[in-house]
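Student: Chain order of the listed sequences is A and C. Each step along the first sequence adds one to the number in our numbering, with nothing skipped, and position 71 is 64. Count along the second sequence from 1, then add 6; that gives the number in our numbering.
Derived by calculation from the structure, the hints in this document are not laboratory data. Hints may contain errors.
Subject to a maximum C-alpha distance of 27 Å in a straight line, what follows is the list of computed BS3-like cross-link-like pairs (lysine-lysine) [said to hold, decoys possible]: (1) A:61 / A:35; (2) C:21 / A:-6; (3) A:61 / C:21; (4) A:35 / A:97; (5) C:63 / C:21; (6) C:63 / C:23; (7) C:23 / A:35; (8) A:97 / C:63; (9) C:63 / C:17; (10) A:97 / A:-6; (11) A:35 / C:17; (12) C:17 / A:97; (13) C:63 / A:-6.
Counterexamples of contact, computed for chain A against chain C with all Cβ distances above 12 Å [to be verified]: (14) 7; (15) 40; (16) 65; (17) 74; (18) 77; (19) 101.
The structure displayed is predicted, hence computed values, not measured ones. Cβ atoms here follow ideal geometry from the backbone N, Cα and C, with glycine treated the same way.
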Amino acid sequence: KQEVTQIPAALSVPEGENLVLNCSFTDSAIYNLQWFRQDPGKGLTSLLLIQSSQREQTSGRLNASLDKSSGRSTLYIAASQPGDSATYLCAVKTGANSKLTFGKGITLSVRP
Amino acid sequence: GAGVSQSPSNKVTEKGKDVELRCDPISGHTALYWYRQSLGQGLEFLIYFQGNSAPDKSGLPSDRFSAERTGGSVSTLTIQRTQQEDSAVYLCASTAATGLDSSPLHFGNGTRLTVT
């Protein structure tokens, strides 16, 4: 059974700091891994999707890496801004026609 | 284009009543998922549709929960004889295809269900 862990549950940083959010998963046989952002009272917005054959993906100030063999992914946020404050969730898909298994998320607060 | 639409956005019901939650996926998306999110908890998978069939309904917590999808589009999640522990945000998501690694999930804003 796939399990996804995100630690810590919450993080507070000053504006401008570069930061790394961690995600670990127990079954390395994955199809893809996705990072999502969730704002309060809203649904999830997909940020980055890393295919099983890829090592990283970049979008603007965001960079996500994937190390399947160690069961880890990181989301790097450069030059953080108060608008980046949200909950960031990691999810893995383990089969072609399967569900995504989510971590519980990391709630990020960027202080002005 | 339009995103995933869920209705109602909020639903308050009395314990023991039945409720229906609706999801309109993005047009052309063949795969549809239902999840629920309780306060302080992660997203709990409920059911997955590919077209009108549900190859994985392993997450439905009891036989009070059922879901259907018609015309490969709209889906309804029905909860019978609601209990207080059913209170949560119910999220629907759709994606263009499965078996393709590059298809991200698109979520609706959810239905917040409160059972009193």
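Student: State for each hint whether it applies.
Tutor: We went through each hint and held it up to the structure:
no. : hint        : verdict
1   : A:61 / A:35 : violated (30 Å)
2   : C:21 / A:-6 : violated (33 Å)
3   : A:61 / C:21 : violated (45 Å)
4   : A:35 / A:97 : holds (16 Å)
5   : C:63 / C:21 : holds (24 Å)
6   : C:63 / C:23 : holds (23 Å)
7   : C:23 / A:35 : holds (26 Å)
8   : A:97 / C:63 : holds (21 Å)
9   : C:63 / C:17 : holds (24 Å)
10  : A:97 / A:-6 : holds (16 Å)
11  : A:35 / C:17 : holds (16 Å)
12  : C:17 / A:97 : holds (24 Å)
13  : C:63 / A:-6 : holds (16 Å)
14  : 7           : holds (26 Å)
15  : 40          : violated (9 Å)
16  : 65          : holds (18 Å)
17  : 74          : holds (23 Å)
18  : 77          : holds (19 Å)
19  : 101         : holds (16 Å)
Checked against the numbered hints above, the structure breaks hints 1, 2, 3 and 15 and satisfies the rest.
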